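Novice: Given next are the chains, with one letter for each unit.
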Amino acid sequence: MIQKKICLLGGSGVGKTSLVSQFVHSIFSDRYLTTVGVKIDKKSIDLDAEQLDLVIWDIYGHDDFQKLRVSYLRGASGYLLVADGTRAATLETALEVHHLAYEAIGDVPFVLVLNKADLRDDWQIPQAAIDDLVGRGWRVMVTSAKTGEMVEAAFESLGRSMLTPARKNEP
Amino acid sequence: MAETIVPRNGEPEHGSLLQSASDRHTPADDNFAHLRSIIVGPEQRELLTLRAHLLDPTVQTRDVSRVLPDALQLRSRDPQLMRALAPSIEDAITASVARDPQPLADALFPVIGPAIRKAVAHTFDAMIESLNQAVDRTVSWRAMRWRLVAWRTGRSYAEVVLADTVEYRVEQVFLVQRESGLLLQHVALGRRGERDADQVSAMLTAIADFARDSFQIGQSDTLESLRIGDLAVSIAQGPHAIVAAVVRGSIPLSVRSAIENAAESIHRQFGAALQSLDGDPAVFAPARPILEACLVSQQRQPQRRPSYRWWAVAGVVLLAFLGVWLYREAQTRQAWNAYLDQLRREPGIVVVAADRRGGRFFVSGLRDPLSRDPGQLLTASAGLFPAAIESRWEPYQALHPDFVVARATLLLRPPAGVSLRFDDGVLTATGTPSEQWVTDTERIAPAIAGVRRVAFVGNTRESLLLAKLGAAVVSFAKGQSTIDEIEQQHLAAVVLELQELDRLLVSSGRRARLDILGDADSDGTEGLNAQLSLARANQVFAVIRDAALQRIESSARGLGQSPPAAGATPAGHVRNRRVSFEIRVMEDRMVRGSR
Chain A
1 MIQKKICLLG GSGVGKTSLV SQFVHSIFSD RYLTTVGVKI DKKSIDLDAE
51 QLDLVIWDIY GHDDFQKLRV SYLRGASGYL LVADGTRAAT LETALEVHHL
101 AYEAIGDVPF VLVLNKADLR DDWQIPQAAI DDLVGRGWRV MVTSAKTGEM
151 VEAAFESLGR SMLTPARKNE P
Chain B
1001 MAETIVPRNG EPEHGSLLQS ASDRHTPADD NFAHLRSIIV GPEQRELLTL
1051 RAHLLDPTVQ TRDVSRVLPD ALQLRSRDPQ LMRALAPSIE DAITASVARD
1101 PQPLADALFP VIGPAIRKAV AHTFDAMIES LNQAVDRTVS WRAMRWRLVA
1151 WRTGRSYAEV VLADTVEYRV EQVFLVQRES GLLLQHVALG RRGERDADQV
1201 SAMLTAIADF ARDSFQIGQS DTLESLRIGD LAVSIAQGPH AIVAAVVRGS
1251 IPLSVRSAIE NAAESIHRQF GAALQSLDGD PAVFAPARPI LEACLVSQQR
1301 QPQRRPSYRW WAVAGVVLLA FLGVWLYREA QTRQAWNAYL DQLRREPGIV
1351 VVAADRRGGR FFVSGLRDPL SRDPGQLLTA SAGLFPAAIE SRWEPYQALH
1401 PDFVVARATL LLRPPAGVSL RFDDGVLTAT GTPSEQWVTD TERIAPAIAG
1451 VRRVAFVGNT RESLLLAKLG AAVVSFAKGQ STIDEIEQQH LAAVVLELQE
1501 LDRLLVSSGR RARLDILGDA DSDGTEGLNA QLSLARANQV FAVIRDAALQ
1551 RIESSARGLG QSPPAAGATP AGHVRNRRVS FEIRVMEDRM VRGSR
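Listed in order, the protein sequences are those of chains A and B. Counting along the first sequence from 1, when you hit position 166 you're at 166 in the working numbering, and nothing is skipped either side. To convert a position in the second sequence, counted from 1, into the working numbering, add 1000.
These are calculated hints, taken from the structure and not from any lab test. Everything numeric in this text was worked out from a predicted model, so none of it was measured. Note that beta-carbon positions come from the ideal geometry of N, C-alpha and C, so glycine has one too.
Rough simulated footprint, nothing fancy, chain B against chain A, three-plus residues with beta-carbon under 8 Å:
no. : stretch
1   : 1-14
2   : 36-49
3   : 75-84
Same shape as in the complex, but just chain A (with noise of 0.2 Å):
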């Protein structure tokens, strides 16, 4: 078994508590978010027979108002960036974030993860820009928290991620 911390990040409103809220066991209330900045939720995963625990971070969003407690990010192996797909803006504030998180434990593994996809209507963010970001190396996910969609995979495509090349990505 082995044992990882994660952090979810992104910019408030970007469903990042209700995308992992039914994948997840909280011993804590959403309460925390908002006084303490962060609620620590776990998940279990198998990867190819192998059992890993992710401790995650769910850290309060990002925005004008509240920054990052980047201390909070400290010992991460990996993070999950969380972007609206409805909102453009919230894939800056993830960029915002990214930087941040490279600046403070290094070159990790993150999964970027777009949300809403049930909302195909709104959806603002134009296959070009992921297309780019893909094209720089990033893995970009489409999820929706609603159906459950890609969710889990994403969970997967960075616990694999953290796992094979392990000691590269540490800080």
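Dock chain B against the given chain A, drawing on the hints supplied.
Specialist: Frame of chain A; chain B shown alone:
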């Protein structure tokens, strides 16, 4: 030692060959040397340069200094190198301190200052916690027990209080990777917190970060404890891992030191693993015994150290009890004997048997109903409770004079002015009782136990009256038989006395005879005097007759002239002109010495 140069092929004597060649100066040698310089000249020069280089210590030092940092870094993890360096470093530090401690003190100051502050703060926290509790419980039975324990064991009161009040139980211990908050190991009493330990461990780290960020505390300062009601988390921080103990109750200094020691010990043993953690906590399974050693608890346990003091106390208490018991016993015995003595002395009480069985007292005997209550006697003697005494008294009549008198008084009811006395079987009545009472007393008194005879001292009313009447006289003027005014008053007094006597006679059923005797002086003729004396008697008789006495029979008699002896003098003459009385009670029994 570097006289020869040993080339790589191992061929010896090359250097010496070169050397000797330059010393001899034969033509053949010169040719050879020339030839050689043509063939191996550059190499020869290079060898000479290298030789000079190798033999120059300055150059060597420079060379080594160039590679030393890299060499040390290359073998930084090599325990052999550490062992080799350790003594020199220790010596160097010792020498430095011996020369001038100031530089080292300056260097360590930023480290030692906070460390000392922390240690002092810890100590004070623990003390204040304990003292608060101690103050809370100062006025309680526990406090009294502590004082007793302190006295008995010879420890200070504060020490006993601290030992007794610090009750705690370490329920869980977390080993957490400091940076990521990942749980490395978790031990607990039973299965407490097992399922969610990893989340708790992460949250604990988050809260520590939150506290530090929020209050802008320096990186070197860390969260050391959390307290929620009865539960506290004590955190020992190491460079790479933290040991957190969940403690129920107050955190004693010993627990604090235990987890700090555990943190140090784990860093010592697992330092490398902590730094290169790949997420597999199994690596730290061997650290479990260290953590389990922190799962300590202390409950209040009575000090079971029998000491001679305790026995001394027991002995003293026992002796005290014995002394008190003996004293009380003696007191009780004394009181009992005093009570018995008092009973024996008391008139009307005869103690026949007295006994004492099982803390109860028994007394039996005879008691005159007129005697004092034995219970009242008891209240006078200390140390005995009436409830503890069982008495059994048979009634009897005591012949003690006081009791005879008391009984006679109850029975005879003597009239006022009459007192009773008893001595040697004779009951004596003193005073002036009525004849009737005397009669009754003579009849009843012998029935009273102890009375053999009754005696009367002093006059009875009857004898008094008889004496008065016997002495009474009505005087007359010379040759006269009429009663003048003054004499009428005398006669009236006589009549009253007669009437009283008559009443007495009526009540006792007797009779009396009254002779009224007229008298005359010797002047004049005898016949005249006889007439005169009778006339005088009749005058008085007439008055007495009018009184209508029932039991007194009166008769008048003239005595004529009195014998000359009585009437020889003028005073005698006066005395003879009179009427006197003679009265006799007709009763055989009435024998009294008055007449």
